[in-house]
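Asker: The residues making up each chain are set out below.
Protein chains: 2
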Amino acid sequence: MFDLDDKLKQDSFFIGNLNISQLRLMNNSLYIWLILIPKINNVAELVDLSYSERIELMDEIAQISNCIKQVFNPYKLNIANLGNVVRQLHVHIIARNKGDPTWPDPVWGKDKPQELYVDDMHKLIIDKLTIELTKLSNFSL
Amino acid sequence: MFDLDDKLKQDSFFIGNLNISQLRLMNNSLYIWLILIPKINNVAELVDLSYSERIELMDEIAQISNCIKQVFNPYKLNIANLGNVVRQLHVHIIARNKGDPTWPDPVWGKDKPQELYVDDMHKLIIDKLTIELTKLSNFSL
Numbered sequence: 000m001f002d003l004d005d006k007l008k009q010d011s012f013f014i015g016n017l018n019i020s021q022l023r024l025m026n027n028s029l030y031i032w033l034i035l036i037p038k039i040n041n042v043a044e045l046v047d048l049s050y051s052e053r054i055e056l057m058d059e060i061a062q063i064s065n066c067i068k069q070v071f072n073p074y075k076l077n078i079a080n081l082g083n084v085v086r087q088l089h090v091h092i093i094a095r096n097k098g099d100p101t102w103p104d105p106v107w108g109k110d111k112p113q114e115l116y117v118d119d120m121h122k123l124i125i126d127k128l129t130i131e132l133t134k135l136s137n138f139s140l
Numbered sequence: 000m001f002d003l004d005d006k007l008k009q010d011s012f013f014i015g016n017l018n019i020s021q022l023r024l025m026n027n028s029l030y031i032w033l034i035l036i037p038k039i040n041n042v043a044e045l046v047d048l049s050y051s052e053r054i055e056l057m058d059e060i061a062q063i064s065n066c067i068k069q070v071f072n073p074y075k076l077n078i079a080n081l082g083n084v085v086r087q088l089h090v091h092i093i094a095r096n097k098g099d100p101t102w103p104d105p106v107w108g109k110d111k112p113q114e115l116y117v118d119d120m121h122k123l124i125i126d127k128l129t130i131e132l133t134k135l136s137n138f139s140l
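For the protein sequence lines, the chains are A and B, in the order given.
Numbering that gives the first Met the number 0 applies: residue 0 is where the first sequence begins, and numbers increase by one.
Numbering that gives the first Met the number 0 applies: residue 0 is where the second sequence begins, and numbers increase by one.
Hints were generated in silico from the structure; no laboratory data involved.
Take these hints with a grain of salt, some might be off.
Pairs of lysine to any residue, SDA-like flavour, derived with a Cα cap of 25 Å [stated by the list, open to error]:
| no. | chain 1 | residue 1 | chain 2 | residue 2 |
| --- | --- | --- | --- | --- |
| 1 | B | Lys75 | A | Leu3 |
| 2 | A | Lys75 | B | Asp110 |
| 3 | A | Lys75 | B | Lys8 |
| 4 | A | Lys97 | B | Val42 |
| 5 | B | Lys75 | A | Ala43 |
| 6 | A | Lys6 | B | Lys8 |
| 7 | A | Lys6 | B | Gly98 |
| 8 | A | Lys111 | B | Leu29 |
| 9 | A | Lys97 | B | Lys109 |
| 10 | B | Lys68 | A | Asp119 |
| 11 | B | Lys38 | A | Ile54 |
| 12 | B | Lys134 | A | Leu48 |
| 13 | A | Lys38 | B | Arg53 |
| 14 | B | Lys75 | A | Ile54 |
| 15 | A | Lys111 | B | Ser51 |
| 16 | B | Lys111 | A | Asn27 |
| 17 | A | Lys127 | B | Asp47 |
| 18 | B | Lys68 | A | Val84 |
| 19 | A | Lys75 | B | Arg86 |
| 20 | A | Lys75 | B | Phe1 |
| 21 | B | Lys109 | A | Thr101 |
| 22 | A | Lys6 | B | Trp102 |
| 23 | A | Lys109 | B | Asp104 |
| 24 | A | Lys75 | B | Ser51 |
| 25 | A | Lys68 | B | Lys75 |
| 26 | A | Lys111 | B | Lys97 |
| 27 | B | Lys111 | A | His91 |
| 28 | A | Lys75 | B | Asp2 |
With the rest of the complex left out, here is chain A:
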């Protein structure tokens, strides 16, 4: 049974599952900001995964990157595993654009802006993404 960290759960919305990861949308309407969380307990670092798990995660990072590019056409993707605050292994995939609220700095950090989604607006984003995601054979709701 996969245990999702409480803070990750609270800060994001469920989108769906891939083979190895759960895909979620961060509750910050300032960016299209997804996270992939490998459904494996007690891993913090990429190197805590087995070789095949790591390759599969890289594959899912590429699938989600392509999906974001397809739907939102960002200027740049920011892809990162930090884990300084939440130790459970998770990978951020964030659409960045010139002139966005923290450009060109990263989006993480204690003084960085956050605007929660209101009025179920996150569902619009998830619906847009899901149209592309359902084309992937390893995606399920």
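Given chain A, work out where chain B should sit, using these hints.
Answerer: Positioned in the frame of chain A, the structure of chain B alone reads:
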């Protein structure tokens, strides 16, 4: 012929080559901060690489992560491709520790501290790493 971005070159020291990437040490003595730069021109995103290049890069990220863990035993690794400032594809692998100058925030950003290495101190770091790196069959100076 591989073209390394001028800013990347200026901001970091050459350590060595792996199969697909060049490995460099960022000139910021506040952290053990390495970067892997795939030796492929005109790529900005992970998804601009071919499938096999991406898998090989993931492998090299894991090798360098293990090397840093072995030599410096950090509390957490921060691994990221941002590219908001320098667009050429490069992956940061940074050893983070509780209480380091920006902990738990990320190390990147315009107001973030930097202390250049002095008196060839970077060579000490590179020498320490190289002892581990030379154990890798795909590493060359």
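Asker: With reference to the structure, classify each hint as holding or not holding.
Answerer: Hints, one by one, checked against the model:
1. This hinted pair checks out: lysine 75 of chain B and leucine 3 of chain A have alpha carbons roughly 19 Å apart, not beyond 25 Å.
2. With a C-alpha separation of about 21 Å, the suggested pair lysine 75 of chain A and aspartate 110 of chain B falls inside the 25 Å cut-off, and the hint holds.
3. For the given pair, lysine 75 of chain A sits about 21 Å from lysine 8 of chain B by alpha-carbon distance, which is consistent with the 25 Å threshold.
4. Taking the CA atoms of lysine 97 of chain A and valine 42 of chain B, the gap is near 19 Å; set against the 25 Å cutoff, the hint holds.
5. Of the supplied pair hints, the one linking lysine 75 of chain B and alanine 43 of chain A holds, its CA atoms being roughly 8 Å apart against a limit of 25 Å.
6. Among the hinted pairs, lysine 6 of chain A with lysine 8 of chain B is inconsistent with the structure: their alpha-carbon atoms are about 39 Å apart, more than 25 Å.
7. Between lysine 6 of chain A and glycine 98 of chain B the alpha-carbon distance is near 22 Å, which keeps this suggested pair within the 25 Å criterion.
8. Pair hint lysine 111 of chain A plus leucine 29 of chain B holds up; C-alpha atoms about 22 Å apart against a cutoff of 25 Å.
9. Of the supplied pair hints, the one linking lysine 97 of chain A and lysine 109 of chain B holds, its CA atoms being roughly 15 Å apart against a limit of 25 Å.
10. A threshold of 25 Å between alpha carbons decides the hint, and for lysine 68 of chain B with aspartate 119 of chain A the separation of about 43 Å lies outside it, so the pair is violated.
11. Proximity of lysine 38 of chain B to isoleucine 54 of chain A is assessed by CA-CA distance (about 20 Å); at most 25 Å being required, the pair is judged to hold.
12. Among the hinted pairs, lysine 134 of chain B with leucine 48 of chain A is consistent with the structure: their alpha-carbon atoms are about 21 Å apart, no more than 25 Å.
13. Of the supplied pair hints, the one linking lysine 38 of chain A and arginine 53 of chain B holds, its CA atoms being roughly 22 Å apart against a limit of 25 Å.
14. As the CA atoms of lysine 75 of chain B and isoleucine 54 of chain A are separated by approximately 21 Å, the hinted pair is consistent with the 25 Å bound.
15. At roughly 36 Å between alpha-carbon atoms, lysine 111 of chain A and serine 51 of chain B are farther apart than 25 Å, so this suggested pair is violated.
16. Using a Cα cut-off of 25 Å, the hinted pair lysine 111 of chain B and asparagine 27 of chain A holds, with the two alpha carbons roughly 23 Å apart.
17. Between the alpha carbons of lysine 127 of chain A and aspartate 47 of chain B the distance comes to roughly 23 Å, so the proposed pair stays at or under 25 Å and holds.
18. Using a Cα cut-off of 25 Å, the hinted pair lysine 68 of chain B and valine 84 of chain A holds, with the two alpha carbons roughly 19 Å apart.
19. Only pairs whose Cα atoms come within 25 Å are accepted, and lysine 75 of chain A paired with arginine 86 of chain B is accepted, the gap being roughly 8 Å.
20. In summary, the hint linking lysine 75 of chain A to phenylalanine 1 of chain B is supported, as the alpha carbons are separated by about 22 Å, within the 25 Å threshold.
21. Between lysine 109 of chain B and threonine 101 of chain A the CA atoms are separated by roughly 10 Å; this keeps the pair inside 25 Å, and the hint holds.
22. Between lysine 6 of chain A and tryptophan 102 of chain B the alpha-carbon distance is near 18 Å, which keeps this suggested pair within the 25 Å criterion.
23. Straight-line distance between C-alpha atoms of lysine 109 of chain A and aspartate 104 of chain B comes to about 7 Å, which keeps the hinted pair within the 25 Å bound.
24. For the proposed pair lysine 75 of chain A and serine 51 of chain B, the alpha carbon gap of about 22 Å is at most 25 Å, so the pair holds.
25. The suggested pairing of lysine 68 of chain A with lysine 75 of chain B is violated, with an alpha-carbon distance near 30 Å, which exceeds 25 Å.
26. With a CA separation close to 20 Å, the supplied pair lysine 111 of chain A and lysine 97 of chain B stays within the 25 Å bound.
27. Distance hint between lysine 111 of chain B and histidine 91 of chain A is fulfilled; the C-alpha atoms sit about 21 Å from each other, no more than 25 Å.
28. Restraint check: the Cα-Cα separation between lysine 75 of chain A and aspartate 2 of chain B comes to about 20 Å, which is no more than 25 Å; the hinted pair holds.
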